[in-house]
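J.: Residue numbers (my numbering), protein chains in the order written: chain A, 1 to 298; chain B, 1 to 316; chain C, 1 to 330.
Keep in mind that the hints were calculated from the coordinates and are not lab data. Hints are supplied without guarantee of correctness; some may be wrong.
Unchecked claim - Listed below are the simulated DMTMM-like cross-link pairs for lysine to aspartate or glutamate, each with C-alpha atoms no more than 20 Å apart in a straight line:
# : chain 1 : residue 1 : chain 2 : residue 2
1 : B       : K224      : C       : E63
2 : B       : K224      : C       : E87
3 : B       : K224      : C       : D126
4 : C       : K22       : C       : E10
5 : B       : K224      : C       : D147
6 : B       : K224      : C       : E90
7 : C       : K22       : C       : E63
8 : B       : K224      : C       : D115
Now for the letters of each chain:
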Amino acid sequence: MTSPALEQTEPLSRPLRSPRRFWRIKAFLRNWTAVTAAAFLLVVLLASVFAPFLSAHGPYDADNLSRYVPIGTEGYLLGTDQQGRDMVARLLYGGRISLLVGILPTLTASAIGLALGLLAGYTRGLADHVIMRCLDVVFAFPMVLLAIAIAGAMQPGVTTEIISITVILIPYFARLARTATQDIAAMPYIEAARAAGGSPADIMLRYVLPNVFSPVIVYATTLMGLMIVVGSGLSFLGLGVQPPTADWGAMVAEGRVVLRRAPHVTVLPGILILAVSLAFNFLGDGIRDALDPRSIRR
Amino acid sequence: MGSFIARRLLSIVPVIFGVSVVIFLLVQLTPGDSATALLGPQATEEAKQELRQALGLDRPLPVQYGAWLKRTLSGDFGTSIATQIPVTDLVLPRFVNTLILTSSALLLAMIIGYSIGLFAALRAHSAFDRSTMSLSLLAGSAPEFWLGLMLVLLFAIKLKWLPVSGMEDMAGDGGLLDLLKHLILPAVTAALGPAAIITRIVRASLIDTLRRPHVRVARAKGIKRASLLRRHVILNALPSITTITGLQLGYLMGGTLLTEVVFAWPGLGSLLYDSITARDIPVLQATTLLIAFTFVIANIVVDVINAMLDPRLREA
Amino acid sequence: MTDGSDITLEVKNLTTRFGSAKTGVTVVDGVSFSLKRGRTTALVGESGCGKSATALSVMQLLEPPGEVIAGEVRLGGVDLMRLGDAEMAEVRGRRIGMVFQDPMTSLNPLLPIGDQIAETLTAHTDLSRHEAKQRAVDLLTRVGVADAGRRVHDYPHHFSGGMRQRVLIAAAISCSPEIIIADEPTTALDVTVQAKILRLLYDLQQAMHASLLLITHDLGVVAAMADEVIVMYAGRIVERADVDTLFHRPRHPYTKALLACVEGISDRAAALEPIQGMAPDLKDPPPGCRFAPRCPSVRDVCRRQDPRLAPYSARHDVACLLVGEEAANG
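Taking the hints into account, I'd like the entire structure generated from these sequences.
T.: Take a look at the structure:
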């Protein structure tokens, strides 16, 4: 007589959820620096998105009578710039572009780089060789220089910034994904999957990909912070948005000419760039520690 | 060792070719064509066609590339469109200026990074360690151009200790002291990012090396602490450290552009920037090529140093 | 009977803890033993019983959070626990040589092996670098490395595991120490190589008339090499005896069980007898005897009272309440 447990009368109503994800989120929440950083970034993001609701003035509202207003003045919490525009408004609206230029290219490049790296790392052979040689050429350029050269060759604008940053990032993700893929592909359980008759595409998607995700996510988070800095550098050089559009890097450039008279015009956007970049760094560290299997505690 | 160096040098040949292709193609991205840029929008179509033919711009791309490559390999980088000066004359003095700035910045970054990294590793998890790591994170997250402006604000404008920009006093008679005064702020600005990274990597690789089994074995032999540190810890951490230092050189070569623009330092970076805004193609190509080439050579030097340290790499 | 002057190392009540007083684990708990000139003492036990930790404690090679919290280690009248790091460095390599478990990671991959032998000599003697190099060649030959004059310039990755262990032994005995500690010296090696390395250790020990503390979990090694055996369990010594006595007349249930594990090997008809259960979590040791949960002869009293190591007969100590009883009952 078979044991009752062996006879399932109904299928499971829900697929079994891996308990690991729960512990990883808990592990992340234990790291208060990372959580604070995440909260800060969320606030900045929401503030930029809801800028119209948060600031009384528009970013282009120039007022000749209110030029160089210092910080803390009534109506202009963070002062105004040389055209009388409210700094709070410019920072909030500027955040939209600055954040976009940091986040979007990183996400795009991570997806493309991941695909390339998976292909190169798993199939090896010709595809790997060709991809790696192409990447080698890109690695021959210092990253920032290449971004500037690409952006400089095209018409200035936000799209240019986004494209140029995406292009320079793809090789870095591809290289990371390739190394991770190679490490995983060498593991015994992949060999077992192959022996069990899995197709390469199937194995890549079901076994390799989920494990390559972790390092890529950590890398992407840290890079987002870095790309916001690089993007602001491109704007500073005038290769991105054009005046009067607001963007933190462009604001630093514009503030430069009035550095003596109204330093806050330059100081404020830079502080935001610094803070956001720092926050992404902490966030990336926190995610990395949480994804580390050793952080899973019973 | 010799064969390793030879092999390494040989391996960069295809890369350099790839780099030259990229640089050549980069120009093709520019909107409009050179004929219009040179003659102005008022020029007639015939005049533009004539110029295109004269410049060889109507030939197929691979042919143009071949011609350009031939010229470049023979040392002819063309003439600057903006200033009509031969590119080589324009680029070389700027290269020297950038070298001065970059090497000062790298030296500064190495001194700060190696010493703080070493101390932090030996006193891991102490208050010193934690505070210096936080500081380095801060320095590493700040945008370089803004940091430079903040330094200018503090030291040149408010305190008036140092000059605001430039490489030398226009009125003065030059000299080393003058150069140094002008060098300090840009060098510190350019050095901070690399210093932060070097500090963290030096600390991490030393801590990692300290944990390795052979260190305990060496201690069990009763070797004195100084020798132990030198021969079994620092030596073994050197490959990671030299690699990251070499990488910083590359970062600096690309990043000094921003510092040079902020401080009006007459180097390769600011030349590159000017050539971008002026669409001065020959200068753009030559400077990018030079910077990329320097970067590749720096990477090879790092590989050679690592091969000298680790016998397993030589025999690979 | 042992003459007092025959004793090279005397360990008394050595206690080592990993972590703080509240949350830490005591991995070595009141261990006492002595090493005698020219004799091999084997320290046996399962993984995690504290035998390696004992050796590291003697050498003061523990890293935080590990620290020795009690006990003495007397070497020629000096208590090593009282020495500062610089003074201890003079003892290490010079008076006590140690050979570690994994030869593949114990050598510095970036230095030639000759240097790694010579540096022990230059640290403790006033040999010049050149002379030390020469001596290294001699030592290499002595440990059985052929063509030593050429191989002294080679790097660790040019050697097999067994050869690397010979190099490490050469470095450990280079200054003719009075005591050699070998922590599982052959565990990571092929079986065929094991015998050769053990033979080498034996020959060297005899030639130098040194004390050998051999740490192992392999009873075969113990039978082949040891004069005296110390059995450890959960941080404590549970039995100590001459090798013959231990193998033929073991008294502690753990020792008996250990021997039963290996006994069946030559007799295919007999079943392998594993010891039930697992070693205790030292963070929260059970009250009473630590072996009680797994002991086949356990009684109520064992769960309440903690046995102390006590003499059972001449040169045979046991830590078991039942054995005490036996002795008392005659």
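J.: Are the hints correct? Go through all of them and say.
T.: Results of checking the hints against the structure:
For the hint pairing K224 of chain B with E63 of chain C, the CA-to-CA distance comes to about 17 Å; that is within 20 Å, so the pair holds. With a C-alpha separation of about 10 Å, the suggested pair K224 of chain B and E87 of chain C falls inside the 20 Å cut-off, and the hint holds. As the CA atoms of K224 of chain B and D126 of chain C are separated by approximately 14 Å, the hinted pair is consistent with the 20 Å bound. As the CA atoms of K22 of chain C and E10 of chain C are separated by approximately 30 Å, the hinted pair breaks the 20 Å bound.
As the CA atoms of K224 of chain B and D147 of chain C are separated by approximately 30 Å, the hinted pair breaks the 20 Å bound. A hinted pair counts as satisfied when its Cα atoms are at most 20 Å apart, and K224 of chain B with E90 of chain C qualifies at roughly 8 Å. Distance hint between K22 of chain C and E63 of chain C is fulfilled; the C-alpha atoms sit about 19 Å from each other, no more than 20 Å. At roughly 15 Å between alpha-carbon atoms, K224 of chain B and D115 of chain C fall within 20 Å of each other, so this suggested pair holds.
Hint compliance for this structure: hints 4 and 5 are not met, and every other hint is.
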